[in-house]
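**Q** If you count the sequence shown from 1, you need to add 39 to reach the numbering used here.
The set of hints was computed from the structure by calculation and includes no laboratory data. Any given hint might turn out to be false.
The following label-pair restraints were derived from C-beta to C-beta distances [as the list claims (entries may be wrong)]:
#	residue 1	residue 2	range
1	Q219	D338	35 to 45 Å
2	N123	Y177	25 to 35 Å
3	E208	V172	40 to 50 Å
4	E392	Q219	25 to 35 Å
5	T472	D338	44 to 54 Å
6	K355	T434	35 to 45 Å
7	K393	G318	32 to 42 Å
8	P265	V172	42 to 52 Å
9	G431	Y166	24 to 34 Å
10	T472	W519	30 to 40 Å
Calculated pairs, SDA-like style, for lysine to any residue (alpha carbon to alpha carbon, straight line, at most 25 Å) [what the hints assert, rightly or not]:
#	residue 1	residue 2
11	K341	L312
12	K250	A263
13	K475	D357
14	K512	I103
15	K124	P456
16	K475	D378
17	K512	C138
18	K416	K341
19	K446	M320
20	K487	G468
All figures in this text were calculated on a predicted structure; none of them were measured in a lab. By construction, the Cβ of each residue, glycine as well, lies at the ideal position given by its N, Cα and C atoms.
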Amino acid sequence: MVKILRKNRKLIFWILMFSFVIGTIFISWGMRQTGDVRTEDIRYARIEGYEITEIDVSLSRQRIIDRYKQRFENFDESDIPDLNKRAIDETIKRRLLLCEAKRTGIFPTDKEVIQTMRLSFPDDATYNQARKVWPSSYWRFKENEMREELCISKLEAIITDLVEPTNFEVKEYFDDMYKQVDLSHILIDPASYVDKEKIEEHYEANKDNYKKPGDIRARHILVALPPKPTKEQDDMARQRIADILQQIRSGGDFAELAMNNSDCQSRFNGGDLGFFGEGRMVPEFEKAAYALEPGGMSDIVKTDFGYHIIKCEEKKPDIPKTLKEAEEDIRKELRNDDDAVGSASKTADLVYEKIKHGTITFEEGVKLYSNAPISKKSNGRIGVIPRFTLPGTDTKEIRNLTDRLNKEIAFGRFIVPEISELAFSLKEGEIGTPTKTGFGFHIIKVNKFLPPDNKRLKDEKEEIEQLASRKKKDEILGLWYDWLKKTRKVKLGYAFEEMISKE
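Input sequences plus hints: build the corresponding full structure.
**A** See the structure below:
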């Protein structure tokens, strides 16, 4: 069972992420709609006699952050909108559900707890080693946390038992959640509004943190592919490079095998490319090469040129960055500076008003004010995007789309909820009021709406069915949870609004 769950870990993650988004929405709205009494002597909340503490809220906050970090690279917690409110909401929801699980008589066994904990490790050997090395206090804490998670999941499973969408409901879900919109936007990034003096001060105080990798000397063996290879050509090339890799691992000489097999001119030098620095090679090659230590060899690396095996020969020391070279990094680090955020917000409002009153066109607004790294080059046009998730098929086209959108409006495969919600509430040709995300302030324009790409229903059938199922279950859980809040003893404390106001 553990092996099966490990195999499907990626799909399970996306279902949990979707559930988290929906769950946060219904609890946030629910808390606003109830008439819970705020009591002066309670800090956060009291549920069925249990007092929620700062530690409880901090743990919930960390759980939310960890869920994002599991999937998104270069993630910063400031990218999560309303983090404090989400943490409080999740803490209250968690405690209510645990009280109900206890009332229902749900108590996971020790075996279930241990078996589920093993899922967070790649194999049993790694898990067993961790049990020996990590302190017992850590394991007691994690086992208690996992026991609570299992209580909640068992309770929710009872509530949603036999709840599954029909084929019609799956198609209805797909038609709704996978709608597409041709979108343009103006991005006002607070990073561009960080004061020069603050940048200089930060640089002087942290010079040692700003370095660029030194040049690297590497060899490679290339099995070339034509510009548009057929599947047969791709399979043959991959098999050929795999055979060469096996020969090297069996003791073959890298330089000699490069001379006899590589399709690159460097074969005459035993595959030696000499020294090169950042930006000189295609990204996939550069990333793999710089990840190696001198003497190290890569696995098979695919680029537009074909399949490579890379060997690192030498690495020069890292080079300190000048203030000019470090400025972009520093701006990103200081993008949440209050003055920068305030200036960006005022600029976004000003630009929106100018467009609204016809002082400038949307396209002029893009040219004059947008900080979007990609879409600014095409009059702000982001392109056609789905309502919720980007395609999951692993093709070069999809990878490029995901990489591009991750610079402006998406985290991993998820379109930023604030952008999606606003875009699909507008009409064709309409421009939305400025909205804030982890990327900055966006002024979006809907060019046109398009139906979903039906190819995705075929390619991602299992994931879509699982998400549709999760949505239907969440709707049932939402109704049940609303009833639970009205019938159980929940009192909110004086710090409830205070902490939310920190956002």
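**Q** Against each hint, give a clear statement of whether it holds in the structure.
**A** Evaluated hints:
| no. | hint | in the structure |
| --- | --- | --- |
| 1 | Q219 to D338: 35 to 45 Å | holds, 36 Å |
| 2 | N123 to Y177: 25 to 35 Å | holds, 26 Å |
| 3 | E208 to V172: 40 to 50 Å | holds, 48 Å |
| 4 | E392 to Q219: 25 to 35 Å | holds, 30 Å |
| 5 | T472 to D338: 44 to 54 Å | holds, 49 Å |
| 6 | K355 to T434: 35 to 45 Å | holds, 36 Å |
| 7 | K393 to G318: 32 to 42 Å | holds, 37 Å |
| 8 | P265 to V172: 42 to 52 Å | holds, 50 Å |
| 9 | G431 to Y166: 24 to 34 Å | holds, 28 Å |
| 10 | T472 to W519: 30 to 40 Å | holds, 35 Å |
| 11 | K341 to L312 | holds, 17 Å |
| 12 | K250 to A263 | violated, 34 Å |
| 13 | K475 to D357 | violated, 37 Å |
| 14 | K512 to I103 | holds, 21 Å |
| 15 | K124 to P456 | holds, 16 Å |
| 16 | K475 to D378 | holds, 15 Å |
| 17 | K512 to C138 | holds, 20 Å |
| 18 | K416 to K341 | violated, 28 Å |
| 19 | K446 to M320 | holds, 21 Å |
| 20 | K487 to G468 | holds, 7 Å |
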